[in-house]
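**Q** What follows is each chain in one-letter form.
There are 2 protein chains.
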Amino acid sequence: MESNPSFLTDTELAPELYPEVVEKLCSIYQKKVYPVESTYRFDEFHAPFLRECDFRAKPMVLLLGQYSVGKTSFIKFLLGRDFPGMMIGPNPTTDRFVAIMHGDDDRVIPGNAVAVDDDKPFHALNRFGASFLGKFEASECSAPVLEYTTFIDTPGVLSGEKQRIGRSYDFVSAVTWFSERCDMILLLFDAHKLDISDEFKRCIEALKGQDDKIRVVLNKADIVSSQELMRVYGALMWSLGKVVPTPEAMRVYISSFWDKPYKNEEYLNLFEAERRDLLGDLKSLPRMSAVRKINELVKRARLVKVHAFILSHLRAKMPALWGKQSKQDELTHNLLEEFREIKKKYRLPVGDFPDIDRFKEHLKQHDFTTFPKLDMKLISKIDEVLSVDIPQLMKEVSPTPQIVE
Amino acid sequence: MESNPSFLTDTELAPELYPEVVEKLCSIYQKKVYPVESTYRFDEFHAPFLRECDFRAKPMVLLLGQYSVGKTSFIKFLLGRDFPGMMIGPNPTTDRFVAIMHGDDDRVIPGNAVAVDDDKPFHALNRFGASFLGKFEASECSAPVLEYTTFIDTPGVLSGEKQRIGRSYDFVSAVTWFSERCDMILLLFDAHKLDISDEFKRCIEALKGQDDKIRVVLNKADIVSSQELMRVYGALMWSLGKVVPTPEAMRVYISSFWDKPYKNEEYLNLFEAERRDLLGDLKSLPRMSAVRKINELVKRARLVKVHAFILSHLRAKMPALWGKQSKQDELTHNLLEEFREIKKKYRLPVGDFPDIDRFKEHLKQHDFTTFPKLDMKLISKIDEVLSVDIPQLMKEVSPTPQIVE
Ligand SMILES: Nc1ncnc2c1ncn2[C@@H]1O[C@H](COP(=O)(O)OP(=O)(O)OP(=O)(O)O)[C@@H](O)[C@H]1O
Ligand SMILES: Nc1ncnc2c1ncn2[C@@H]1O[C@H](COP(=O)(O)OP(=O)(O)OP(=O)(O)O)[C@@H](O)[C@H]1O
Ligand SMILES: [Mg+2]
Ligand SMILES: [Mg+2]
Chain V
1 MESNPSFLTD TELAPELYPE VVEKLCSIYQ KKVYPVESTY RFDEFHAPFL RECDFRAKPM
61 VLLLGQYSVG KTSFIKFLLG RDFPGMMIGP NPTTDRFVAI MHGDDDRVIP GNAVAVDDDK
121 PFHALNRFGA SFLGKFEASE CSAPVLEYTT FIDTPGVLSG EKQRIGRSYD FVSAVTWFSE
181 RCDMILLLFD AHKLDISDEF KRCIEALKGQ DDKIRVVLNK ADIVSSQELM RVYGALMWSL
241 GKVVPTPEAM RVYISSFWDK PYKNEEYLNL FEAERRDLLG DLKSLPRMSA VRKINELVKR
301 ARLVKVHAFI LSHLRAKMPA LWGKQSKQDE LTHNLLEEFR EIKKKYRLPV GDFPDIDRFK
361 EHLKQHDFTT FPKLDMKLIS KIDEVLSVDI PQLMKEVSPT PQIVE
Chain W
1 MESNPSFLTD TELAPELYPE VVEKLCSIYQ KKVYPVESTY RFDEFHAPFL RECDFRAKPM
61 VLLLGQYSVG KTSFIKFLLG RDFPGMMIGP NPTTDRFVAI MHGDDDRVIP GNAVAVDDDK
121 PFHALNRFGA SFLGKFEASE CSAPVLEYTT FIDTPGVLSG EKQRIGRSYD FVSAVTWFSE
181 RCDMILLLFD AHKLDISDEF KRCIEALKGQ DDKIRVVLNK ADIVSSQELM RVYGALMWSL
241 GKVVPTPEAM RVYISSFWDK PYKNEEYLNL FEAERRDLLG DLKSLPRMSA VRKINELVKR
301 ARLVKVHAFI LSHLRAKMPA LWGKQSKQDE LTHNLLEEFR EIKKKYRLPV GDFPDIDRFK
361 EHLKQHDFTT FPKLDMKLIS KIDEVLSVDI PQLMKEVSPT PQIVE
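These protein sequence lines are chains V and W, in that order.
Quick note on numbering: this note's numbering labels position 194 of the first sequence as 194, and the sequence is numbered without any gaps.
Quick note on numbering: this note's numbering labels position 129 of the second sequence as 129, and the sequence is numbered without any gaps.
Wrong hints could be hidden among the right ones.
Heads up, simulated BS3-like pairs for lysine-lysine below, C-alpha to C-alpha not over 30 Å straight-line [as the list claims (entries may be wrong)]:
| no. | chain 1 | residue 1 | chain 2 | residue 2 |
| --- | --- | --- | --- | --- |
| 1 | V | Lys193 | W | Lys213 |
| 2 | V | Lys213 | W | Lys283 |
| 3 | W | Lys193 | W | Lys299 |
| 4 | V | Lys213 | W | Lys193 |
| 5 | W | Lys120 | V | Lys242 |
| 6 | V | Lys213 | W | Lys242 |
| 7 | W | Lys260 | V | Lys208 |
| 8 | W | Lys263 | W | Lys120 |
Because the hints were derived from the structure by calculation, they are not lab data.
Produce the complete structure using the sequences and hints provided.
**A** What follows is the structure, given as structure tokens:
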């Protein structure tokens, strides 16, 4: 009955690779992509410039579930210790989003402070407003697993009415934001009291597109009889299959994840094997996270390139003297034609072009004559990123050929 | 490791009740319902008259599954013996529908002979034609469980192409026919080789409306590892939940159902408990079947009553001398109006009326002046059935108040 997961001291968990790779990625961005972004005002059209902390952020695991399924206990179990501000109890206890992160000293940092901290990847949470930030905090402490992972504990999902009355912010939006930024989403269920409220179903549906990150945990599996466990597990899969559209069943880890001994030892082998598998899955996070970040930068770099061509193309079409406004209107109106011309001229894939209606909206706020001219030398840096730097980095992350995607 | 299910010698399985109840039901039909049916030519509009064997037919269990999941072995296990014509093997073996029924001597009766046998409830199979009857047979032998149950073994479902090429009759229609007449439908799956082909999905979808009869068997559960069993079971529920629209998961029996010892004994307790539950479920069949037959007769009697009113009403509206054809056309055209009048006059529930378009079709082939006149005395027998005989019989079947529906 091991209650301390073996991997906590396992050196495999510490692939020095991860910090190295993200440093390199960050430097590629800063030296070759950012200059193009800033010249062509990418942030005014698409997304804020990336900051160092966006790269350095550790792989993130989001925990979701009805209240009392054992989310907080699960994190305590992985840490092998209590974390600052931790509360565990039979009633709804966790009442906020908590980022459990590595820190040399134990401390709790309020949401408002976290969101302005340049070293933490939570700036964007400002947009959820003060009432959300009042329900968000970081809990810093030191534990082996935190060197390579940040956990996001969440308030348990309540049934519809209670949920809405109790909360001053949009729970599902907050969950969606975290789910897009994290590398693994753990959906926890309680074998003793299976409950999938409509509210939680909406939550799961909001994770659409993130399906490959989702893992399911059927927790407290040791406190029901073997037949009962089968019924509960079957009912869980039956219901999840109806909510999640993928034909392949999600991976479910059936065990008990806390630091107490198993109650019912009939399935001891299963429970232990499932624990091992889940811990193994967590160990692969740094690599998965690195690959995800690389892919995101690739997607961004392609968009940056197309963006630079679009702006310089529009600029080039503007008249030198009069008729500026009408020409600008005409170009906007015929934007699809202009896109086609750019695509053909520079041989760009159509999939790299931005959404045309959204782009038109942005264009309205600009004077095309202020757009920078075509700077081929600058833009060619992006090609270098895509054809040399990134493939090189991918090799470092996935040294064995079969893992290279 | 008991390999012979204990209930085979269990007297509980033999509720003398069942034959008694169906005899009474048969006599109610013959004395009070049939006279109305034959006077008002019910068979020409709705369904053939019922025969004694329709009542006396034993509770029926239909087995369905991909090939080689162990359907035939399952029946052998329940019988505690081989049955005539039985074939078991790793390749697709059973190539026909087989009704395994009680008989003092061991013998196989070809489909054509079964379908004309007045003692067997398979007359209606004639409508599937000779090529189906060539792939149907009855296997008679003596075994305790057969005193109270008939099993329908079926050819394993193959993948789409093979299925269609190999079969000269419509498999799904045949399955649908049996599913409507049986009391339990067992869907068997092989834990070792889970396969739910599109063909089998179509089969399951065709069982719509019979959901409450369906039970699932995850067979050969002892020849995979405990973790593998969980994955397979989860995948099964995930897929079934997508095919079957009910929110509640179907009951699945996870075990191995044949006469050999379990291979993997890790889940011994579960496997044994699941076997016991399934056998217990089979034991409740005679009562369930009796209740189902009573309900069906109630539905039929209500339809018969309405039918008698409709025909006598149309007859009464016909002119004595001329204009018969045009009056008949007018009545048919305004049938909805006539239905409303009948409904109001005799205070009949709208739900008891037949489908109007189908009824119009039938009317075309009749001369309304040949319809019998209203015979209130005759029809009042039906009310007697509904208000006295059936409630009395229901009490006998469900003596405890909480079981009465
Ligand atoms: N693996 C487990 N087996 C049995 N009981 C557990 C397990 N994990 C936690 N519990 C118990 O369940 C209750 C809820 O635990 P916990 O507070 O960790 O859940 P939670 O999901 O974080 O709840 P909330 O959503 O309210 O924050 C506590 O009483 C805890 O002791
Ligand atoms: N419970 C069981 N555990 C392991 N093997 C089994 C079990 N039941 C049957 N088998 C084996 O599986 C194979 C198929 O068995 P069987 O012929 O009963 O299946 P079936 O579903 O009737 O196949 P078909 O659809 O082709 O008629 C045989 O080799 C049989 O010995
Ligand atoms: Mg909690
Ligand atoms: Mg067979």
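**Q** Hey, Lys263 (chain W) versus Lys120 (chain W), does the alpha-carbon distance stay inside 30 Å?
**A** 40 Å, violated
**Q** Please verify whether Lys213 (chain V) and Lys193 (chain W) have alpha carbons no more than 30 Å apart.
**A** 27 Å, holds
**Q** Quick one, are Lys120 (chain W) and Lys242 (chain V) close enough, alpha carbons at most 30 Å?
**A** 42 Å, violated
**Q** Going straight from one Cα to the other, do Lys193 (chain W) and Lys299 (chain W) come out at no more than 30 Å?
**A** Violated, at roughly 43 Å.
**Q** Assess, step by step, whether the Cα of Lys193 (chain V) is no farther than 30 Å from the Cα of Lys213 (chain W), and give holds or violated.
**A** 27 Å, holds
**Q** Do the alpha carbons of Lys213 (chain V) and Lys242 (chain W) lie within 30 Å of each other, as the hint requires?
**A** 21 Å, holds
**Q** Mind checking the alpha carbons of Lys260 (chain W) and Lys208 (chain V) for me, to see if they're no more than 30 Å apart?
**A** 46 Å, violated
**Q** Would you mind confirming whether the straight-line C-alpha gap from Lys213 (chain V) to Lys283 (chain W) stays at or under 30 Å?
**A** 46 Å, violated
Checked against the numbered hints above, the structure violates hints 2, 3, 5, 7 and 8; every other hint is satisfied.
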